[in-house]
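Spelled out, the chains give:
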Amino acid sequence: MSTQQAGSNLKTLYTRNRHIWRLVIVMLAWIVFMALTKFNKFYTLINFQTMASQFPEFGLMALGVMLCMITGGIDLSAVSIANLSAILMGFLLKSIAQADGSLPFYAIPLMFALGMVLGAVLGAFNGLLVSKAHIPPILATLGTSELFTGIAIVFTNGNAVSKLPVQYALSINNKIGGLVPVQLLIFIAMALFIWVLLSRTTYGTKIYLLGTNAEAARFSGLKNDRLLIKTYMISGVCAALGGLIMLANYNSARANYGSVYVLQCVLIVVLGGVSPLGGRGRISGVVLAIFLLRMLETGINRFPQISSYYISLIWGSVLILVMVLDYFTERRHPFRKRRS
Amino acid sequence: MRRNEPYIFLVVLALCVLIEIRSGQFFTANNLTDIASAMIVPGLFAVGAFMVIVSGGIDVSFPALASLTSYATTKYLLDTGYTGGIWLPIVISLALGALLGAFNGIFIGYFSLPALIVTLGTSSVFKGVMQGALNSVQLAVIPPGMREFGTSSLFVATNSISGLTSRMPVAFLALLIVNGLAFLMLRYSYFGRGIYAIGGNETSAVRAGFNTKRGKFFLYVIVGMIASLAGLIRTCMMQQNHPTNMLGMEMNIIAGVVLGGTAIKGGAGSLSGAALGTLLIVIVENSMILLGIPTIWKSVFTGALIIIGTGVSAFQVLRANRITKNRIAWKEMSKA
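Protein sequence lines correspond, in order, to chains X and D.
Each residue of the first sequence is one higher than the one before, counting from 1 in this note's numbering.
Each residue of the second sequence is one higher than the one before, counting from 1001 in this note's numbering.
Think of the hints as simulated: they come from the structure by calculation, not from any bench.
Predicted model only: the values in this text are computed from it and were never measured.
Fair warning: there could be bad hints in the mix.
To be verified - Simulated coverage check for chain X against chain D, where a stretch passes if three residues somewhere in it have a Cβ under 8 Å from a Cβ of chain D: (1) 124-134; (2) 141-153; (3) 264-278; (4) 307-314; (5) 320-326.
Where a beta carbon is used, it is the ideal one built from N, C-alpha and C, also for glycine.
Build the full structure now, drawing on both the sequences and the hints.
Given below as structure tokens:
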């Protein structure tokens, strides 16, 4: 590597770390604040276990959205992919359950495998629209989000899929060694997988280049279309896993579950230091932002006098505040439109 | 740039004929009046969405903005026991709309932040203010002036066969006036041409001497005002204020505007095309019952329409680029 490149690496390392430091400071402040005000209600093992079983739902979706945003796109259909997979897998579960409600040994692995395949297929459809049909990612995924939700409504007639075999919810809500929730393990596995992809494989390097400058990536011989399809497929798989966890957490599935997660995922990813224009961002920041958001929400819920409707006010303000902070702290405007 | 309106007009016409053949109820006076009346609120929203998209941005906050301003206006007037005409409510909601639009405009114009993410954020803020701070509930009664405005009609159309009647609300005039003003502004004013210039190429617009930051700011102010007017009219027409039932409309409106041939990357498109695209969506939504399609299919249809519409629009951009490239190459060749 040339010295020039090493120098710029150092610089980007610094700016990237600034996002992470900011998150760490906010999180520490919140931890101290909660310790001072509601120590007994917040610092319990069960509270942390509950948080760890809840955040993988949207945490997984946010990981997928992060990958899309690194390529300069966005995935607004994650929640609808999650719901559609949860609904179809719910049907599958009901159909393979035996008469007494117990599941054959292969049921849960089969469900996860099929769910991930379904997520990949739906994600590939997004990828095709973005790459081959040249539809801007925002609109393509908005359209498919409406379409997938529509299909889910048609399948269920708008009702919830419930009365699932309890064995599924029990095994996902299980705690390994009585301590670690299964949902957390699924999240960790996926986060590790994406971390390896981004930092240890050429795929990672390629999508950063694609996000920085698609034209340059094309002239460097990258197959942009294939990369985009792959990225949206991984995002679809993440979303489907999130959907399967939602299915276990609520023990039911419905076309309109988790609609707040659309905004929340974008918020997490931007908060985690990923540039909405692509090419920049690290998974550590995003994971920190996921933890922070869950802790903030759980913390706020410990104050019964605050209406839960304020949460959407807080999320929106935090999102805008973070971007304005970036505007003032970075010498060059981080979000200025680069027009080719 | 090729004009898109003839195609979309033909599609609308074909759809109308199809529905007429299936149901025999489409080209009746009352059905056409119903569609015109259903077009008022989406049509107003579409004018705002169109201007934002032409400027190269996107706005997903207008339903939340309209819900908040119409709720705040109605609630305030109810609390003060207002009994006057429609003008004060219009002035109040326009002022509120301008204020909230300015909120969008500051971040998108002066801070150059991405429009999608800013408006996602502000729509969440507006919702939070309405449901959290204002503690919104459904208002079953609205001030008499607004009720009167909502129920007064230009004419009443009667179906000669079934005897069903439909009113054409006075509010339809608002749609015509706003469309007319927007048309004049976009075509003849410096500001309006500037909006196209920003969407075409922002750097060029700056170099040409247009103040893009101020231009974008005022654009979002105007769009906020149009959206708040639409919200107020919807409240008047429904005779009640339901705080959350406008939320989620943004997708269909944007789909309609893009279907009407507006380039999603900005810089190209026409107001008449946007209106035709919106009309197409309104007809599809209103005629599903006439066609005998269960309403659970609605989202599937809208989603498919968005994808097809944006796909066609993207394809046209691609073809336009290719044609200009070919022309340049042809000129180079003929020079040599």
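Evaluation of the provided hints:
1. 124-134: Per the Cβ count (3), the hint holds.
2. 141-153: holds (count 11)
3. 264-278: As far as the stretch 264-278 of chain X goes, the hint holds, because 5 residues have Cβ atoms under 8 Å from chain D.
4. 307-314: holds (count 7)
5. 320-326: With 3 residues close enough to chain D, the hint holds.
In summary, this structure violates none of the numbered hints.
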